[in-house]
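Q: One-letter residues, chain by chain:
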Amino acid sequence: MAFQLAYLWSVLPKLVAASLINLQLALLIALIALVAATLLTIVRVMKIRAINMSINLVISLVRGTPLLIQIFICYYVLPSIGLDLSPIQAGVLAISINSTIFIAETMRGSLQTIDPGQIEAATALGLARGPIWHRVILPQLFRQILPMLVNEMTVIVKGTALLSVITVIDVLRTAQQIASASFRPFETLIGAAIVFLFINTVFIVLGSALEHRLAGRGA
Amino acid sequence: MAFDPHLIVEYAPLLGEGLWMTLRIVVAAFIVGYALGLIVALVSLLPGRLPRAGVALYGTILRGVPFIIVLFCVYYGLPFAGIRLPAFVVGTLALAIFNSAYYAEIIRAAIVALPRGQFESARAVGMSPAQAMWHIIGPQILRSLVPPSTNMTLTMIKESSVLSSITVGELTYQGLVMQGNTYAPIECFVAVGGIYWGVCAVVSWLSVRLERRVGLAQAAQINRNRLAASFLSFERPRS
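Each protein sequence line maps, in turn, to chains A and B. Under the numbering used here, the residue at position 164 of the first sequence is numbered 164, and the numbers go up by one with no gaps. Under the numbering used here, the residue at position 83 of the second sequence is numbered 83, and the numbers go up by one with no gaps.
Each hint should be verified, as a subset may be incorrect.
In the SDA-like style, the derived pairs of lysine to any residue whose C-alpha atoms are separated by at most 25 angstroms in a straight line are [stated by the list, open to error]:
hint	chain 1	residue 1	chain 2	residue 2
1	A	14	B	80
2	A	47	A	127
3	A	14	B	155
4	A	14	A	89
5	A	14	B	77
6	A	14	B	136
Pair ranges (Cβ atoms, derived) [claimed, not checked]:
hint	chain 1	residue 1	chain 2	residue 2	range
7	A	81	B	12	50 to 58 angstroms
8	B	119	A	208	30 to 38 angstroms
9	A	108	B	81	42 to 50 angstroms
10	B	139	A	108	30 to 38 angstroms
11	B	86	A	135	54 to 62 angstroms
Negatives, chain A to chain B, calculated, CB over 12 angstroms [claimed, not checked]:
hint	residue
12	28
13	55
14	81
15	93
16	122
17	189
18	214
No lab work stands behind these hints: they were computed from the structure. Virtual Cβ for every residue (Gly too), placed ideally from N, Cα, C.
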């Protein structure tokens, strides 16, 4: 069997159409994870012992288990304790939790590089806790972790491919459906790889453009 | 639905078999991946623009595509090229290829980070090339390889769960078999998740010990530097 470029070309439109699901889910997950990670970071800084200990336990569990298992847990285990989720909902929940934990860990590391003198100065100027966070700390934090966020975005996009395992009709599942009818799995999957590569390259390019802009404006 | 620990005991042999397969795959993929990564890193250090650009493209492709798709491409690509291998070999290969891009970056960074002229200095004080590599260059490269390699290994252990989708009988696959037989998702995934968590905990504990071992000399060096820095500055040293 020879590699048929023409066949690969013919399936690309279908795969690109299916990739809208991956793209939408990835953007939704990224938004949820960013907000949740920020809230989690703010809560952790309050240093309430019982809460921080439980957060640390969750972090350890999430970091120590595969994303695929987390997806299975949301999809198979939650319904049996009375929480019925559609495959898409279960998938979004699982990847969001996973991503939240990794972003929150980066935020914690980045937080330690912020000079405590700034917070003292802000307090001396009469800023309350809320404004200190959203005017002093968070802008610096986001700028600092931007490269990691871009990377995490690509991780999320790649994570959405795993949702095909729990029957979400995404790029990969569409590719598998096409391949099972045409018996040309190799070309079809190369097509799927190209679609993912394209999406992630766009995110990386946009991310580094944003980094350059922010770097030009700051400091 | 009550949690039934007996189910886990009953399926412990099956899950143990899966764990054994996961561990063998990870160790093999680590070795093959590192070898590939070393080759790629050395190619990227060749003179001229072309090798670097080629290696950069290799890394971009592998980093931009989900592992599950790389896996399927290898799974369907090998028979396409007339090569037929058992699923677990295909999975190990895919894992090794996928991670080789990351290993290459780690190795490259470790080599580039070395201060230039150390090798020449070692030769100048009368060491043979082998002695220079063994006493001067090797330990430093090893030291900077350990922490990122640990991270990659933990990622690889977790990624190996994806091999279940090409019917490799590793831990996740056996967990799904158990789930299919028992219809007890809680017990299955608590057990499987717990085992993965335990393996990751053991690996990170081992790596901390290894880091301490290879890093002892370096830690002493850092302390000395800090002492020197605080002596030279007018600030109080931070305790």
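Q: With reference to the structure, classify each hint as holding or not holding.
A: Verification of the hints:
For the hint linking residue 14 (chain A) to residue 80 (chain B), the alpha-carbon distance of about 23 angstroms falls within 25 angstroms, and the restraint holds. Restraint check for residue 47 (chain A) and residue 127 (chain A): satisfied, since their Cα atoms lie roughly 20 angstroms apart, inside the 25 angstroms limit. This hinted pair does not check out: residue 14 (chain A) and residue 155 (chain B) have alpha carbons roughly 32 angstroms apart, beyond 25 angstroms. Simply put, residue 14 (chain A) and residue 89 (chain A) have alpha-carbon atoms about 23 angstroms apart, close enough for the 25 angstroms limit, and the pair holds.
For the suggested pair residue 14 (chain A) and residue 77 (chain B), the alpha carbons sit about 21 angstroms apart, so the restraint of at most 25 angstroms is met. The suggested pairing of residue 14 (chain A) with residue 136 (chain B) is violated, with an alpha-carbon distance near 56 angstroms, which exceeds 25 angstroms. The given range of 50 to 58 angstroms is broken by residue 81 (chain A) and residue 12 (chain B), whose C-beta atoms sit roughly 24 angstroms from each other. A C-beta distance of roughly 35 angstroms is found between residue 119 (chain B) and residue 208 (chain A), which places it inside the suggested range of 30 to 38 angstroms.
Taking the beta carbon of each, residue 108 (chain A) and residue 81 (chain B) are about 47 angstroms apart, inside 42 to 50 angstroms as hinted. At about 32 angstroms, the beta-carbon gap between residue 139 (chain B) and residue 108 (chain A) stays in the expected band of 30 to 38 angstroms. The given range of 54 to 62 angstroms is respected by residue 86 (chain B) and residue 135 (chain A), whose C-beta atoms sit roughly 59 angstroms from each other. The claim that residue 28 (chain A) is not at the interface with chain B holds, since no C-beta of that chain comes within 12 angstroms of its own (minimum 18 angstroms).
Against the 12 angstroms criterion, residue 55 (chain A) stays outside the reach of chain B, whose nearest CB is about 16 angstroms from its own CB. Chain B draws residue 81 (chain A) into its interface by the beta-carbon criterion, the shortest separation being 7 angstroms against a cut-off of 12 angstroms. No Cβ of chain B approaches the Cβ of residue 93 (chain A) within 12 angstroms, the least distance being about 14 angstroms, so the stated non-interface status holds. Distance check for residue 122 (chain A) against chain B: the nearest CB is about 22 angstroms away, which clears 12 angstroms, and the non-interface claim stands.
The Cβ of residue 189 (chain A) sits about 5 angstroms from the closest Cβ of chain B, inside the 12 angstroms cut-off, so the non-interface label is violated. Every C-beta of chain B lies more than 12 angstroms from that of residue 214 (chain A), the closest at about 23 angstroms, which supports listing it as non-interface.
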